[in-house]
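Visitor: Put together the whole structure using the sequences plus the hints.
Protein chains: 4
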Amino acid sequence: MKKLNVGLIGYGFMGRTHSNAFRKVNNFFDLEYQPVLKAICARDEKKARGFASKWGYESVESDWRRLIERDDIDLIDIASPNNTHAEIAIAAAKAGKMIMCEKPLSMDGPEGKTMVAAVEKAKVPNMVWYNYRRVPAVTLAKQLVDEGRLGKIFHYRAKFLQDWTISPDLPQGGAALWRLDAKIAGSGVTGDLLAHCIDTAIWINGSIDKVNAMTETFIKERKHNLTGKVQKVSIDDACAFLARFKNGSLATFESTRYARGHKALYTFEINGENASIAWDLHDLHRLQYFDHKDEGRVRGWRNIHVTDGDQPYMKNWWVPGLQIGYEHTFVHQVADFIEGLQTGKPASPTFREALETQFICDAVLKSAKTERWEKIGK
Amino acid sequence: MKKLNVGLIGYGFMGRTHSNAFRKVNNFFDLEYQPVLKAICARDEKKARGFASKWGYESVESDWRRLIERDDIDLIDIASPNNTHAEIAIAAAKAGKMIMCEKPLSMDGPEGKTMVAAVEKAKVPNMVWYNYRRVPAVTLAKQLVDEGRLGKIFHYRAKFLQDWTISPDLPQGGAALWRLDAKIAGSGVTGDLLAHCIDTAIWINGSIDKVNAMTETFIKERKHNLTGKVQKVSIDDACAFLARFKNGSLATFESTRYARGHKALYTFEINGENASIAWDLHDLHRLQYFDHKDEGRVRGWRNIHVTDGDQPYMKNWWVPGLQIGYEHTFVHQVADFIEGLQTGKPASPTFREALETQFICDAVLKSAKTERWEKIGK
Amino acid sequence: MKKLNVGLIGYGFMGRTHSNAFRKVNNFFDLEYQPVLKAICARDEKKARGFASKWGYESVESDWRRLIERDDIDLIDIASPNNTHAEIAIAAAKAGKMIMCEKPLSMDGPEGKTMVAAVEKAKVPNMVWYNYRRVPAVTLAKQLVDEGRLGKIFHYRAKFLQDWTISPDLPQGGAALWRLDAKIAGSGVTGDLLAHCIDTAIWINGSIDKVNAMTETFIKERKHNLTGKVQKVSIDDACAFLARFKNGSLATFESTRYARGHKALYTFEINGENASIAWDLHDLHRLQYFDHKDEGRVRGWRNIHVTDGDQPYMKNWWVPGLQIGYEHTFVHQVADFIEGLQTGKPASPTFREALETQFICDAVLKSAKTERWEKIGK
Amino acid sequence: MKKLNVGLIGYGFMGRTHSNAFRKVNNFFDLEYQPVLKAICARDEKKARGFASKWGYESVESDWRRLIERDDIDLIDIASPNNTHAEIAIAAAKAGKMIMCEKPLSMDGPEGKTMVAAVEKAKVPNMVWYNYRRVPAVTLAKQLVDEGRLGKIFHYRAKFLQDWTISPDLPQGGAALWRLDAKIAGSGVTGDLLAHCIDTAIWINGSIDKVNAMTETFIKERKHNLTGKVQKVSIDDACAFLARFKNGSLATFESTRYARGHKALYTFEINGENASIAWDLHDLHRLQYFDHKDEGRVRGWRNIHVTDGDQPYMKNWWVPGLQIGYEHTFVHQVADFIEGLQTGKPASPTFREALETQFICDAVLKSAKTERWEKIGK
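Residue numbers (this note's numbering), protein chains in the order written: chain A, 1 to 378; chain B, 1 to 378; chain C, 1 to 378; chain D, 1 to 378.
Rather than coming from a laboratory, the hints here were simulated on the basis of the structure. Heads up, a few of these hints could be off.
[Claimed, not checked] Here are the simulated distance ranges between beta carbons: (1) D/Lys3 with A/Leu170: 38 to 44 angstroms; (2) B/Gly50 with C/Glu147: 34 to 40 angstroms; (3) A/Glu32 with D/Trp164: 32 to 38 angstroms.
Every value quoted in this text rests on a predicted model; they were computed, and no experiment measured them. We put the beta carbon where it would ideally sit given N, CA and C, even for glycine.
Guide: The following block contains the structure:
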């Protein structure tokens, strides 16, 4: 089996999900490449060492430039905060490395364009970790739409609801809390959560034409977790927007971290002429499907327990009825990336494909300011 | 329209459900007969008067024998405690009255036999109020089984779970609490709740061959609500039994009033070779249906919202999506009874049909004592 | 008991729900007034006679002006198409009649204002049939918010999804199909369905400050059901809007008749600082409630089966566990209207209260045209 | 970190779940021991090599006696068919190896006793893989009962429903189909599925006093998958039994492979005086909890999404809202086994604890033959 030497940058939450995926993929998928956990890179070398020991990384780097220079690294996996993606990815591309980049791709569309240009110029395999595409139920939803089962699509609606920032005592700022700082994260729920919703939506339902948004920051000031200083909150706590897809369907999108009772409730629903689909992340192994062609008297939403061998990815896991969870979506993404290497047909979303989500986020944030409909840039 | 003059005996909970059904049926069903609330009969004349005034009964009787003698009464509706059913029904049959009798038919099988003999000798229309057959979702379940959609049936399971007698401070005895006195009720959960489960089961899945039961009385003594004396509890608080149907299927039945969190959770599930069905009373307007013939990749339990015009009884009510509730099952029963008068094909269950349930209850209670399998008597 | 002589105008779907409510209310509620079905009024006298016979109306009128003149009528109940409400209501007010008017109040805000002026000048009791306020679970939701259990409210979201107009072969126009003609209905889903969502929302969460909407007409032309001519479709098939409440909360509203698989799925959810609430019309007897004050380890959404005696309206019906349905909301509304007569504290929503919904609908429809935020008029 | 050298016997479905657990445990749990995949043992050496390559086993053995003799093996993990457990375990104990044995422990109670004697004589750490105890929601259920939150327990009910053997064309016999041969499996659903239900039940609710069972073999003959010969089916396809626990609670248990629509629906429910609990394997990350102490008006079953850090095992995985699945229960079991080594307090169930389940299965199978109540042996 060919080795795929991985250099991971960042040991946070996403560093763990990626490492787990690289370690597990060959136990469950028959592939020509085997990811090797070659190096973990992080500024805090001591913490990096602890992470390396826990996950079996062979070496540690504290400077990502040094990592990129190493000849024994085939693939750079970027799991560091959003404001570092572009610089690292462009350098890695120049060094001829394959790149897997945590979502969102970039701080905004224009920055993302420079990343796309870099990887396309360097012709290096590249992908963005929009892992929810690889939930088997979501992949099945995509297949059903692609097979034309829904007919003309009228409506798309998506939400991503959380409740972890409701307390005014929660600090913002450094380390694990960088998602609350717009200078590091780019935005609040828009880039963090709505980006997921948008990625799935355009994958399944095609491009968005225009959007009309509102945002809100419920808590205006918070203490910084490192400095202790009270500072203005720079991110959007909540964002909702109306959208029109190019295919004529209407959409509503919403995300917030102030929806008491919801931890990570990403949901979407698609209504077509002949059928409808609904899914939610809190029971990610299920797909709801309504087929109007079913005989009227016994027609109803089908609650599909997506654990059978003929459903996406599931023949690689256990037996029918036994569910997988969140982490498996990352394993699928690595498997698909490797299959892309094998077949020459890149796994999606590539940087170019993920760029569209950036421009939609830009239009959403702009619309929230201009208070009118905004077309999607390029 | 022809008048159907009703004389109701008993003004308790069932007196209300029946009265409501008689009053409403012609507003929603096109029938040749119109029930007229002619007389309410109860020993407590003052309370009977209050009831008559609330429901529009034209007259009041305090002696049921007097009611039966009246020429202006066509139909005697028995909604008094179980230990009064036989005497009233037999007298009413002799007087040539139609009879609708609240379930269970009788105190036990042999007593029920005398009732069947009386109505059949008198050739009077007769029916027992096993109302749950007329939940649209349950009727739909019956249709699906009759159409052969399930194929060979392997399993039947039913439960009726309540929690209203858990407190040891609850008294037993007279008036509203007669259900806790075996001398009046015949038995505890067996006759009160399992009788419903059994009636539905034999209607849908055919006769039961033998049963093997256990019963329990968790609270051994309670105060009498009228006398204040502490007395032995005479009823079964809980009963579970195994059963084998004549068609070869296996069954489990269970009922209790000690299932914390369940108010009136009557549920049943049927597993056949090709399809399965499940239903519960807490969402009575829904039927769960799994059809193995659905394409594998999108197969799942269908959650059928039984409110469409092509589903049983529903074209008579509102529009799709708008649910009916508990009381409507009684309206359906009156509508079916009247249709039986019109067509000469009696609505089920007749006394004879309901007798089978009595013998099954007898075998269940006997088995709990003998601790072995008991065949069903006749 | 005092008589309340009712003259109903319109024998359609709403004529049935109202008649059923008037007939049943005294069987279940102890009130000082008894509605009497005095007269049904409709242009088609033959159909009116059939309706009168089915429901027990004592007389028939074919001209509503004649009905209003009758001395033996206390209350005019308007269940005719939307474009007739104002003229009838104003005339009825002048004649000193009490008025119950089907929702929406009027064709638009300014027209509604003239109706409010008329009833307030005449000092006649008046109410609009926003029946969903009287679903016990919805009333309970209102109570929980009023008790302050949710704390500061961050989000409100409501949807009303149907699928009955998807077929392009469905005609539009007269009789039962007047809801598809904007000249008669005023608008499409906005006045028909969103009006319900808005009424509940402002009742529970207070006034709306501004809205930003989009509408769509998916099928542009349909045959007229009476003339057979193909005509432009004048109504909105779908409408979604963003809103900001005066209390600082953000909202999304959406309605469509093109959501395959949903018959009448009215849903709302409210997220507060300390608790959240969710409800849907397809299981109207349930309320979802999440209380953050519950101990963390066993915290979860509570699925409340709203059938207990200490829950709104339920002590008047059956026993715990036995659900009521759609029609009961109208019974509750009549009971509350009569209690308003008894106490002098009018049942809500009065014409004045319902007027706010009209102005919100106006702003929604205007915003869909101007493509920007619109403040609510007065 | 100390090494724990594992020798696995069997490369089937359970070989995969165990290997995955050994490989992953140190990535997520802080432990003093690290399992090392030292050797895989199976008669078919070629397949064993393939398995070793996929999972990273360092060596391959084709004779389990040879494996047990190896000095570099600390722990023997038995994942071979049921009829091999005893011989291997006893030999491994004699060789001083730690032992983890797939469930059920043995072919029957008496055989299991010899295994218990062997490990206790040898004083080797030992455990049986009843993995469902380690579903976080199930562990939480155990905690809630142990904390006394349910009060006196009245009812326990459990089911394990599958549908994979309904087709009469399914062969029985060798390799993956050994579960359909009583000579290899010991019994059908009783040992395979009910053993899980029983293990959980006695863990949470204490010992069972007596049982009363029925079994059925729906398909009487099947082709052997290797020989092609039609042979009598020796296993029980379905089994249901009544039980009485020592604590006075009543129980029903049922398992079948003929429940169309259910793939692996293990469910249990416990009703106590003050609270109730329900769980099912198809949504294993959720626990249903009803607490009667909640205020009546807002009381309902709490749907607990067991993904928070204060819920069992979950602080080791991802963040709230992100679910784990089936495989994680095995990881938890390894983590607990290792903690048992560290603390000297063995993880449950030990061989001795798992023996009770064997005797209950024996009594169940005996009762199905004698058709009467059977006490549990020792």
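Visitor: If a hint holds in the structure, say so; if it does not, say that too.
Guide: How the hints compare with the structure:
As the Cβ distance of D/Lys3 to A/Leu170 is approximately 42 angstroms, the hint placing it in 38 to 44 angstroms holds. Checking the proposed 34 to 40 angstroms range against B/Gly50 and C/Glu147 shows it holds: the Cβ atoms sit about 35 angstroms from each other. Range check, A/Glu32 to D/Trp164: Cβ separation about 33 angstroms, and the 32 to 38 angstroms hint holds.
Taken one by one, the earlier hints all hold for this structure without exception.
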